[in-house]
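Student: Given chain Z, work out where chain B should sit, using these hints.
Number of protein chains: 2
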Amino acid sequence: MKQVDEQVEARHRAKMANRKSIQDAEVAEKTLEKGLLLVHTGSGKGKSTAAFGLALRMLGNNRRVGIVQFIKGAWSTGEQPALAVFGDRVVWHTMGEGFTWETQDLKRDIAAAERAWQKAVDLMQDETIALVVLDELNIALRYDYLDIDAVITTLQARRPDLHVVVTGRNAKPALLEAADLVTEMTLVKHHFKAGVKAQAGIEF
Amino acid sequence: MKQVDEQVEARHRAKMANRKSIQDAEVAEKTLEKGLLLVHTGSGKGKSTAAFGLALRMLGNNRRVGIVQFIKGAWSTGEQPALAVFGDRVVWHTMGEGFTWETQDLKRDIAAAERAWQKAVDLMQDETIALVVLDELNIALRYDYLDIDAVITTLQARRPDLHVVVTGRNAKPALLEAADLVTEMTLVKHHFKAGVKAQAGIEF
Chain Z
1 MKQVDEQVEA RHRAKMANRK SIQDAEVAEK TLEKGLLLVH TGSGKGKSTA AFGLALRMLG
61 NNRRVGIVQF IKGAWSTGEQ PALAVFGDRV VWHTMGEGFT WETQDLKRDI AAAERAWQKA
121 VDLMQDETIA LVVLDELNIA LRYDYLDIDA VITTLQARRP DLHVVVTGRN AKPALLEAAD
181 LVTEMTLVKH HFKAGVKAQA GIEF
Chain B
1 MKQVDEQVEA RHRAKMANRK SIQDAEVAEK TLEKGLLLVH TGSGKGKSTA AFGLALRMLG
61 NNRRVGIVQF IKGAWSTGEQ PALAVFGDRV VWHTMGEGFT WETQDLKRDI AAAERAWQKA
121 VDLMQDETIA LVVLDELNIA LRYDYLDIDA VITTLQARRP DLHVVVTGRN AKPALLEAAD
181 LVTEMTLVKH HFKAGVKAQA GIEF
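Going down the list, the protein sequences come from chains Z and B. 1 is the number of the first residue of the first sequence in the UniProt record's numbering; add one for each residue after it. 1 is the number of the first residue of the second sequence in the UniProt record's numbering; add one for each residue after it.
Careful: at least some of the hints might be erroneous.
[What the hints assert, rightly or not] With a cut-off of at most 16 Å between alpha-carbon atoms, the simulated EDC-like pairs for lysine to aspartate or glutamate come out as follows:
hint	chain 1	residue 1	chain 2	residue 2
1	Z	Lys-20	B	Asp-105
2	B	Lys-20	Z	Asp-105
3	Z	Lys-107	B	Asp-5
4	Z	Lys-34	Z	Asp-180
[Stated by the list, open to error] If you want the ones that stay clear, here's a sample from chain B, every Cβ over 10 Å from chain Z, calculated:
hint	residue
5	Asp-88
6	Trp-92
7	His-93
8	Thr-94
9	Val-121
10	Met-124
11	Gln-125
12	Asp-126
13	Thr-128
14	Ile-148
15	Ile-152
16	Arg-158
17	Arg-159
18	His-163
19	Asn-170
20	Lys-172
Hints are computed from structural coordinates only; laboratory data are not their basis. These figures come from a predicted structure and were not determined experimentally. For every residue, glycine included, the Cβ atom is placed at its ideal position computed from N, Cα and C.
Chain Z on its own, in the form it takes in the complex:
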């Protein structure tokens, strides 16, 4: 075990006491409870994954969760079987006929986005649901498959205790403006060591 002298320890104690008092004050001033509109954007990893992590947390609090997938095939195979463990506490709409890079059919993509959005509206009106995940909605908005003003109006008209998480890169400014919490996931390093050399200006 590391040796620690008394002076170091005293400084540490003072620093941590200060830190704790700041944290306690921060906690004390946050008394408002309301449903939040969260946005996970940026080009890095973890936008959808963190949204699923929130869903998991909500399920751990014995609440129900609704999920709409706006892009077909955007997920790995793991989430759906994992969340299936929670039975009907997860309501899940994958747009099986939905928007996908595999088709290049704009009318069909718009129709799929509109169907997905209708599922989202239904979930938001279900008072048994505490959290709605709108996975990759930002993609549908970016391509103007859905009207941004109509989407934001609906999000803002949701019941006060409902949490909504919107994911996807290139979130529109109007959505960021409407959000309570925006997190940008930034790719700092993505380095497959064998065969791929780190590129100056790209990876460091």
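Tutor: Same frame as chain Z, now just chain B:
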């Protein structure tokens, strides 16, 4: 439904076809499978949440997951009961006597970090486990409760197919250097609408 003229549709089709060919090429060149060292850092939300999302995905693939919590009380109450649904496929070590802002005792904090790290080492040696989450390890490293070189040497010596996720703000440069994938979660906006005014330079 939105009206789409044929020219717009043709442009869209060409753009999406191009996009698809790029994506297909990217997928084709990534043939290497190896266990990754992932780091979630930055001052934004979602670092631990995304790590739990990865755990969920791994569980959905019928794999086992190990989790070590390096800070007592860092988690909300939701994750643990939610993951309990998966039974012994999740091996969980919360450092109940561990590092916390509530104490200001450096020797005790170092001892707790060392105990937590030993649990991490044990989990990494368990060949039934596919993913190890080292939640808030970066805090223990930042305060030099653990020796960074020893930690990195152990991480690098892990078996080739084991994935490890390290979370926490202020990741050390040496850890970023050793990592395969680093994501920085950045707080873009954190605006509690009632009572808290957005601050120039802070929130926009």
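Student: Hints first: check each against the structure and report whether it holds.
Tutor: Outcome of the hint check:
| no. | hint | verdict |
| --- | --- | --- |
| 1 | Z:Lys-20 with B:Asp-105 | holds (13 Å) |
| 2 | B:Lys-20 with Z:Asp-105 | holds (13 Å) |
| 3 | Z:Lys-107 with B:Asp-5 | holds (10 Å) |
| 4 | Z:Lys-34 with Z:Asp-180 | holds (10 Å) |
| 5 | Asp-88 | holds (14 Å) |
| 6 | Trp-92 | holds (13 Å) |
| 7 | His-93 | holds (18 Å) |
| 8 | Thr-94 | holds (14 Å) |
| 9 | Val-121 | holds (16 Å) |
| 10 | Met-124 | holds (19 Å) |
| 11 | Gln-125 | holds (22 Å) |
| 12 | Asp-126 | holds (20 Å) |
| 13 | Thr-128 | holds (17 Å) |
| 14 | Ile-148 | holds (13 Å) |
| 15 | Ile-152 | holds (14 Å) |
| 16 | Arg-158 | holds (14 Å) |
| 17 | Arg-159 | holds (16 Å) |
| 18 | His-163 | holds (12 Å) |
| 19 | Asn-170 | holds (13 Å) |
| 20 | Lys-172 | holds (13 Å) |
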